[in-house]
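As a plain string of letters, each chain reads:
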Amino acid sequence: MSERPIVPEMPLRRRRTLWGDAWRRLIASPTARLGMAIVVLFALGTILAHFLWLYDPKTDLDYSLKLKPPTLRPTPDVPSIHIFGTDKLGRDIFRRVVHGGWNSLRVISVGISLAVGGLLGLLAGFYESVPLTVGERIGLMAGIGLVLGSIPAWIAGQAVQAVLFAALGAVSASVAASWPNGRRWLVLLGAGLLIGAIPSLFVSPYVAIVCGLLGLAIGAVLTFPLGGPLFSNIVMRLMDVILAFPSILLAIAIVAFLGPGLDRAMIAIGFVGIPTYARLMRATVLSLVQRDYVLAAQAVGSGHTRILFRHILPNTLSPIIVQSTLGLGSAIIWAGALGFLGLGAIPPEPEWGAMLGDSYRFLTSGAWWAVTFPGIAIMLSVLGFNLLGDGLRDALDPRLTR
Amino acid sequence: MRYLIRRLLSLIPTILGVTIVVFLLLRLIPGDPAVAMLGEHASQENVQRIREQLGLTRPLFLDREALKGGDFRGFVDSQYLRFLGRLVRGDLGASIHRRIPIATELAQRFPATVELALAAMAVAVALGIPIGIISAARRNTWVDSVSMVGALIGVSMPIFWLGLMEIMLFAVILHWLPIGGRLDHAIEIRRITGLLLIDTLLTGQWAAFWDAFKHLVMPVLALATIPLAIIARMTRASMLEVLQEDYIRTARAKGLHQRLVLFRHALKNALLPVVTVVGLQTGNLLAGAILTETIFAWPGIGKWVYDAIVGRDYPVVQGGTLLIALVFVLVNLLVDLSYAALDPRIRYE
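Protein chains in written order, with the numbering used here: chain A, 1 to 402; chain X, 1001 to 1349.
Derived from the structure by calculation, the hints contain no laboratory data.
By construction, the Cβ of each residue, glycine as well, lies at the ideal position given by its N, Cα and C atoms.
Take these hints with a grain of salt, some might be off.
To be verified - Partial chain X-side listing against chain A, Cβ under 7 angstroms, derived:
| # | residue |
| --- | --- |
| 1 | Leu1152 |
| 2 | Val1155 |
| 3 | Pro1158 |
| 4 | Leu1164 |
| 5 | Val1172 |
| 6 | Leu1286 |
| 7 | Ala1287 |
| 8 | Phe1328 |
The task is simple: from the sequences and hints, build the whole structure.
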């Protein structure tokens, strides 16, 4: 008979995770709960309506019911019930608002900005502080060589030259990697001059001079600052150019270029949003790279891809989630603005902004209902995302909570 | 000083990039400006003649055919470099539809947008900063909750809809304010600065001043909402952060009056991020002006550019977009510089 050892009763501590804690903090805040409720309500309503309440905008038309004010019970004049009234074609506004959610809330644009901007920012931030490996250096060099090389190649009309410049990048990078530091530029300058000038000689002496000089310049540009900081600098300057335009103006111009349509409006808004995410991502990564766990990962020899996606990316999630939630709100507004200007959804497709643009001319004749309800829908859904975003910020970054 | 030079140098690639984007976007848009100018039924010859006049037959960037022949003048004689060359000389071309030089029309329309944006910013700052300070000082009271919920609604407001609601309330239902435009057609005024409020004040035309003011109210309210809300939120957050600092505790411990602590010790330090936000929002006002001006028929840059994009008036779009982008870049520069002036830590980085 063995005596059972006496185990003292210990209160089991619940396992806590970062996301679990964040969720509890989020739920604890009344404003975040309100935001979540609005978002869920709009999302559910939209999805259910789209799949269960069939609506064909092309056949929805009844001139006898043109611009009727909201009614709660049938009257001899208006035999059907329209709680939000009807618009200029006699369409029920409530129905169009509910179905408009499918077009207005489907903001894939945030996905575009997030994917492109996030990736650019991630790479820019990482390679700004971490030196490139030999392989990455050759890749970058060949890439820049190809881009810069295609300029003289395009001028001289020779496809061969673009390939030659890419080869120049790769070869001289590998040679330069083994040369002593002070002499590296010699290799590249010489290679640039030769590869630029020789094939051009076959075209004309002028072209040879121009290409040779260009090759020289490219060699100089490539040798001196080559590396992550150069790449990061180029990316961020490009972002500055996009940021130099007011977003709505650039979006309008892009839609004018692509032609109107909901998907194209989304692409335009997404493109305009790229710099926001790239900047945020870069700033976050720059601060993360200094952390001990990234140094540790480098010390044990993890590859760059592994460090980027296993150690850094997960830690950038919380600012990115917050920004994306707030970004969803502003994307809804911008999509509405484009629709209002007639550059979004193509009529008769229901979309909140386009509904406003359709009806605002009737405002002076007193048809307030036609512009009130679609606008309220835009405002409430944006408010929901903003409340949720604020709540997420407090929940995911407890240091900021006061 | 070094900071200033570095910052100015970094503008060069940005501005060059801006000119390329402005140039390219419009050239890539489907549709031929020569056809837009002459109408659909113009003869082939006329279209070709106009295309040559506008320089549309030249290549976009560089002419490689000319280079092969060893002709360097022809090589650089491209649409983009011509555009850039004219730009440097301040020649923006003329509107295709109205044949008015862009620079003339810009000079007429720019003050209207400036008046709108400045008035909106003044309202936003004059209301936003006090609201932010009061919410921070009375943190977690009803005053704070009400103003912060209000600010959040303001941030979520689609301004084109707000504009419509204002028209409905003030113009259609109450008949207090005119629906749109900048000044009643019957009123003639002498223009000095182009800012109507200031012009009418200077010349003492009180009736015209009152009319211009009434026209200004609704667009300014619509335009000011978002910056007002953002400034109020930023001021509150920044004040709360500063109020936790040790020197505030010290000031309080010295027995200083609450108002003195708030305004002399806290506000000065809390204003830095607010200045940034004010600057960035001033740039955004130009963007918001496109929508606001369209709704209120305000004869400014925004409406002009929008109409030109729809009507494919290439030179107008180029001139207007370029101006807006340059103002945007300059405002951002000023923000950075004022930041460096206010916070010495940034200069010596």
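Evaluation of the provided hints:
1. Leu1152: Given a least distance of 6 angstroms, the restraint on Leu1152/X holds.
2. Val1155: holds, 6 angstroms
3. Pro1158: holds, 5 angstroms
4. Leu1164: holds, 5 angstroms
5. Val1172: Status holds, d = 6 angstroms.
6. Leu1286: holds, 5 angstroms
7. Ala1287: holds, 3 angstroms
8. Phe1328: Status holds, d = 6 angstroms.
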